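Chemist: Chains A and B, in that order, give the protein sequences. For the first sequence, my numbering gives the first residue as 1, with consecutive numbering after it. For the second sequence, my numbering gives the first residue as 1, with consecutive numbering after it.
Keep in mind the hints are simulated off the structure, nothing from the lab. Hints should not be assumed to be uniformly reliable.
As the list claims (entries may be wrong) - Here are the simulated DSSO-like pairs of lysine-lysine, each with C-alpha atoms no more than 27 Å apart in a straight line:
1. Lys628/A / Lys114/B
2. Lys42/B / Lys26/B
3. Lys438/A / Lys5/B
4. Lys646/A / Lys465/A
5. Lys26/B / Lys434/A
6. Lys465/A / Lys42/B
Claimed, not checked - Here are the computed distance ranges between Cβ atoms for each label pair:
7. Gly134/B / Gln461/A: 30 to 38 Å
8. Gly11/B / Arg586/A: 53 to 61 Å
9. Ala142/A / Lys42/B: 27 to 35 Å
10. Thr553/A / Leu7/B: 37 to 45 Å
11. Trp115/A / Ala92/B: 52 to 60 Å
12. Leu483/A / Gly9/B: 25 to 33 Å
All values reported here derive from a predicted model rather than from experimental measurement. Where a beta carbon is used, it is the ideal one built from N, C-alpha and C, also for glycine.
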Amino acid sequence: MAAIIGQAALSVALMLALYAVSASLVAAYWHKPEWATSAQRALLAIFPLLTLAVGILVWALVTYHYELTYVHEVSERAMPLYLRATALWGGQAGSLLFWSWLMAAFAAAVTLRDWRRDREMLPWVVMVTAGTLAFFLFLNVALESPFKRFWLLPNGDIEAYVLPPAGAQLFVPKDGRGLNPLLRHPGMVAHPPFLYLGFVGFVIPYAFAMAALIVGRLDARWIRLTRRWALVSWLFLYLGLILGSRWAYDVLGWGGYWGWDPVEISAFMPWLTGTAFLHSVMIQERRNMLKHWNMLLIILTYDLVIFGTFLTRSGVLSSVHSFAQSAIGPAFFIFITLTFLGSMALLGWRWNDLRGQEQIQSAWSREALFLYTNLVFLSMVAVNFWGVVYPIVSELVTNQKATVGPPYYERVMGPLSALMLFLMGLATVAPWGKVDTKRLWRMAAKPAAVGLLLPAWAWWQGYRKPGALLGFALIGFVIAVVLYDIARGAWARRRAHKEPWWLAVVRLMTRNRRRYGGYIVHLSIAIMGIGIIGIEYFQLETQRTLAAGESITLGDYTMVYDSVAIFNTNDGRQVARATVRVLDERGRQVATLYPRQDYYIRDQQPMTIPGVLSTWGEEFYVLLVSWKPITAEGATFKVYYNPLVKFLWAAPWVAIAGTLLAAWPEGRKRRAPARARSRAQAPAPASA
Amino acid sequence: MQNRKYLIGGGLILAAVIYLVISSTKANAQYFLTVDELLARKDEMVGRQVRLSGAVIGDTIQYNPDDLELRFMIAHVPGDLDEVESEGGLAAVLAAAVRDPNRNRIEVVYYGPKPDLLRNEAQAILTGTLGEDGVFYADELLLKCPTRYEAAEPQAADGR
């Protein structure tokens, strides 16, 4: 019964979404505001319906309803409660439902905002969000329903249907097949929701952008309205990416964090265009320029989001992520093509209206540098896109499938990232408008010199590869520029207001949140860069078979193998756990690690969990590869020494702080109407 | 005048990126081959980095943990997705490939930890080179077990 209600809720939600699309078209075309209100309400009503559907599915997962094929496929009795509940996004149909549900929540939030000043955009915003939602609901209802059940047919076959076929009986398996053991990890529990929140969030700025194009309101209004949506979506996407790499690092047992897998890239590309978008819109707010770029970037972000969901879910490419062939591939392809061509046609139609009066006055002005960063970001996207589609292209052209691997991406993305870091530092010091180039170099020279402390420190620590030192110099430049800017501002405040230095720093940052929030996010990227250079350039690895008491030395550490214990757990695993002591250079014991292999007996699936000693300097990462089961005397280990990688894991925390600062709502006093009006006329703040 | 400067600058950047992409693609492109294709073009492919896909034959897996030498055979699986679909999906195709003694097979050698997903009827995607001796020396193993993820008949699940 519950499954029928769930399916009904999905179907009604789909109809409401389609209704909202048509009603908003009526509202916009015949200027009927009451139809817009009706469309708005229909969109709002989808959220409770999908909440009901999600609730039913989670309830079925938690309470062992294995007659549902989806529940049977992704959960089992032995799984703990939190994994049974989060198996909601453990498979295809559930992920799509979850996606739609988040989208509906965002759409509801948008419809509830105060529309008085933007009446003319409302129907179009509703149409785009409802249209996107309708597409995903269609997939759920028609192609991948999470509410299919097993039916025992009169001829003895068991098949999956939503509605009972004639004469069929419900078939209830005793237990489910269980979630893939590799996915039973906290990082994997959190990774999809974060990624999806990021994906879904970018639909909102896109909807406003399309509305602005259609109604011809081509000022920066749509950008101001959606700035926080974009910022927060960007953060979620960033966190989702890092959580995914953390999972890969902890679970896949390969000592790495990023493999240039097509599905990783497909989540990375909208993050790149989204980052470019966040920066580029500032130029439109401030100087009324780069309007074409902003439209192009948000269109690309939207379609890359859909493309990302498609790649994750369709299995079109060989990847560790693509689990099954599915019927939803062609549907996605059609949807992406239609939305992309439609949006580009709108952009082309408004092309001349988007042309600004302003001109770039100097090749090194801030607006020019932002334009270059746009170019670099788009180059990165093109490079990644080419890598992902290369197998398809080469098969079409030469009838021979060929692929490019990580070396391709590393070789191209390395120089582009270096260029990006350079622009990141320079754009922070560059002034607007007309620029005296000599003065710019003088302004950049001080922080650049201070930034050299980082490569100097790296050299002293023994990190001496030229590429890495260049990277450290650029990262040092970016960090120094930000710290220098904060120090200068705080110094001025301190002198003017007689404040203690910490109060001056706090007030400086909270009085100009967009600017300093953005700078703190820059610091996060720089910190991440330190970790990436550390592991990419200086990772060491070795492997050996040890008898008890023997040791392996790698980097600054020596590990001594003590013993292996083999035991069964009550959730169906056979665990082989090694005990390994880690000694530092002076022979003092600094840690005891327990690398292990969990063998999921029923799935016949082993899972290798590393033992990791983590310090800011390096992570010492030990994998138990194999062991002699009877004597438990010898065991084989693979050991990685990953310098500085902890910086990579720390970086997102800094980004969270920065984004919160940049997106935090203004205080109540500042929102007083008189001030708001005067602020709206004043030029926008300098920086996000 | 102004515009021309930007066009030249933009053009230079674009040219640099395109150069990087093309040269890196050329340097790093690897043919993606099935077992039949690799054997058919054996002479041309010996010693060249390629990616090879096939079905793992479980009975042939040998692993020596002392020197981390892993040996197994893979059987030919068609590379064309439509062909796979028409033969009943990837899981069925992999199972058939393993069972059929007349399929082309290749021996694979890999040095390193035995991957968690290596088992009978897994789809192996290997990066490496074909040696003169007809053995494929893999540097990288990517394994997928489609049976785990496709909605299977519940009897199969209960039977375990």
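Chemist: Could you work out which earlier hints the structure fails to respect and list their numbers in ascending sequence?
Modeler: Of the numbered hints, 5, 6, 7, 9 and 10 do not hold.
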